[in-house]
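Asks: This is what each chain is made of:
2 protein chains.
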Amino acid sequence: MNLKLKNEELGRLSVEEFISSEKNTVTVVLDNVRSLNNVGSVFRTADAFLIEAIILCGVTGTPPNKEIEKTALGATATVKWTYASTTLEAIESLRNNGYALYAVEQANQSISLKNFKTDTEKIALIFGNEVYGVEQEIVSKCDGVIEIPQFGTKHSLNISVSVGIVLWEIIKDRL
Amino acid sequence: MNLKLKNEELGRLSVEEFISSEKNTVTVVLDNVRSLNNVGSVFRTADAFLIEAIILCGVTGTPPNKEIEKTALGATATVKWTYASTTLEAIESLRNNGYALYAVEQANQSISLKNFKTDTEKIALIFGNEVYGVEQEIVSKCDGVIEIPQFGTKHSLNISVSVGIVLWEIIKDRL
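Here the protein sequences come in this chain order: A and B. Sequential numbering from 0 applies to the first sequence in numbering that gives the first Met the number 0. Sequential numbering from 0 applies to the second sequence in numbering that gives the first Met the number 0.
Only chain A is shown next, with the shape it has when bound in the complex (with noise of 0.2 Å):
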């Protein structure tokens, strides 16, 4: 039978421990991102992948900030996250630092999350505004567009979803 765990049993990480822990090597840019609900979202599931930073860049909220706790809840204290004014700015400075820049969108030519493979160590995901995605200027300084094939009715998941599911893609291979 399949008892569930308790909490303690989970073996988690304390705050000490996941600051000084092996990160995996992938920034994740918020591009103007509005909602702060998605926001502490991406917190949460950066820190359960133990990603090793998120930048937030031009009107997406920043920490401390109770509607990004409400979904965080308590991810802002472990993940390491900076402010960039502009996502332009942020991407140049990722690129001069030998990352790799994938923006995840729906795109001519881009690749099915089904079929990315990347033997780059060091990757950028940027992810757009809930309603205006990632900036065409941004999608074309990228290196490669990753879509997540979508058969509905919808044009889009949401951006908290998209982050959980393109990062779980991305890290489970490195597991």
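Rather than coming from a laboratory, the hints here were simulated on the basis of the structure. One thing to keep in mind: the hints can contain errors.
To be verified - Below, computed lysine-lysine pairings styled on BS3-like, alpha-carbon distance capped at 30 Å: (1) A:K171 to B:K65; (2) B:K116 to A:K22; (3) B:K171 to A:K22; (4) B:K116 to A:K116; (5) A:K113 to B:K79; (6) A:K116 to B:K113; (7) A:K3 to B:K140; (8) A:K79 to A:K116; (9) A:K5 to B:K113; (10) A:K121 to B:K171; (11) A:K116 to B:K69; (12) B:K22 to A:K116; (13) B:K22 to A:K22; (14) B:K113 to B:K171; (15) B:K116 to A:K113; (16) A:K113 to B:K69; (17) B:K121 to A:K113; (18) A:K5 to B:K116; (19) A:K69 to B:K121; (20) B:K116 to B:K22; (21) A:K116 to A:K171.
Once you've looked at the hints, dock chain B against the given chain A.
Replies: What follows is chain B alone, placed relative to chain A:
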């Protein structure tokens, strides 16, 4: 260059086309999910991945509901759903209809989502309450437990993120 696609270039289905499309024979069961925001987000994800049905159990809110619509963005009009007053009733009915039942939980002898494979065509995935998870009584009656490996400080992922990750991992093999 990757040019972003306009909404009309995405080739999404109309509501009528969705309803008459062949679906993935995966049913999502929500066991006493409290947040209407999460319920709506699950509808939106289920629409994107052509999921056949959602069963809303116990205290889980049901459409029509303004809060659900804020995140479902119309997907309550496409994805088939039913309500069951207890999760037990829902899973007994699914079992009688030939479904393999998997709780998404953290439990001993769980199967890592990374290794989960099934030859069964009809599967039901049970996701639980934000605080209590899937009830042990329900977990005990399932054919197995799927666990999303997590490495940070938090006990679990947001439920709408978990639904996205698990549905992606299961339906992508059917793409």
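Asks: Determine for every hint whether it applies to the structure shown.
Replies: Structure-based check of each hint:
For the hint pairing K171 of chain A with K65 of chain B, the CA-to-CA distance comes to about 36 Å; that exceeds 30 Å, so the pair is violated. For the proposed pair K116 of chain B and K22 of chain A, the alpha carbon gap of about 28 Å is at most 30 Å, so the pair holds. Simply put, K171 of chain B and K22 of chain A have alpha-carbon atoms about 27 Å apart, close enough for the 30 Å limit, and the pair holds. In summary, the hint linking K116 of chain B to K116 of chain A is supported, as the alpha carbons are separated by about 21 Å, within the 30 Å threshold.
The hinted pair formed by K113 of chain A and K79 of chain B meets the criterion: a straight-line CA distance of about 26 Å does not exceed 30 Å. Restraint check: the Cα-Cα separation between K116 of chain A and K113 of chain B comes to about 16 Å, which is no more than 30 Å; the hinted pair holds. Our distance criterion of 30 Å between C-alpha atoms is met by K3 of chain A and K140 of chain B, whose separation comes to about 13 Å. Of the pairs offered as hints, the one joining K79 of chain A and K116 of chain A holds, with about 25 Å between alpha carbons and a cut-off of 30 Å not exceeded.
Taking the CA atoms of K5 of chain A and K113 of chain B, the gap is about 22 Å. The hint holds against a cut of 30 Å. Taking the CA atoms of K121 of chain A and K171 of chain B, the gap is near 25 Å; set against the 30 Å cutoff, the hint holds. Proximity of K116 of chain A to K69 of chain B is assessed by CA-CA distance (about 34 Å); at most 30 Å being required, the pair is judged violated. For the hint pairing K22 of chain B with K116 of chain A, the CA-to-CA distance comes to about 28 Å; that is within 30 Å, so the pair holds.
Between K22 of chain B and K22 of chain A the CA atoms are separated by roughly 38 Å; this puts the pair beyond 30 Å, and the hint is violated. With a CA separation close to 13 Å, the supplied pair K113 of chain B and K171 of chain B stays within the 30 Å bound. For the hint linking K116 of chain B to K113 of chain A, the alpha-carbon distance of about 16 Å falls within 30 Å, and the restraint holds. In summary, the hint linking K113 of chain A to K69 of chain B is supported, as the alpha carbons are separated by about 29 Å, within the 30 Å threshold.
Note on K121 of chain B and K113 of chain A: the hinted pairing holds, with a Cα-Cα distance of about 22 Å set against a maximum of 30 Å. At most 30 Å may separate the alpha-carbon atoms for a hinted pair to count; K5 of chain A and K116 of chain B meet this at roughly 26 Å. Simply put, K69 of chain A and K121 of chain B have alpha-carbon atoms about 36 Å apart, too far for the 30 Å limit, and the pair is violated. For the proposed pair K116 of chain B and K22 of chain B, the alpha carbon gap of about 19 Å is at most 30 Å, so the pair holds.
A distance of roughly 12 Å separates the Cα atoms of K116 of chain A and K171 of chain A; the hinted pair therefore holds under the 30 Å criterion.
Against the hints set out earlier in the document, violations occur for numbers 1, 11, 13, 19.
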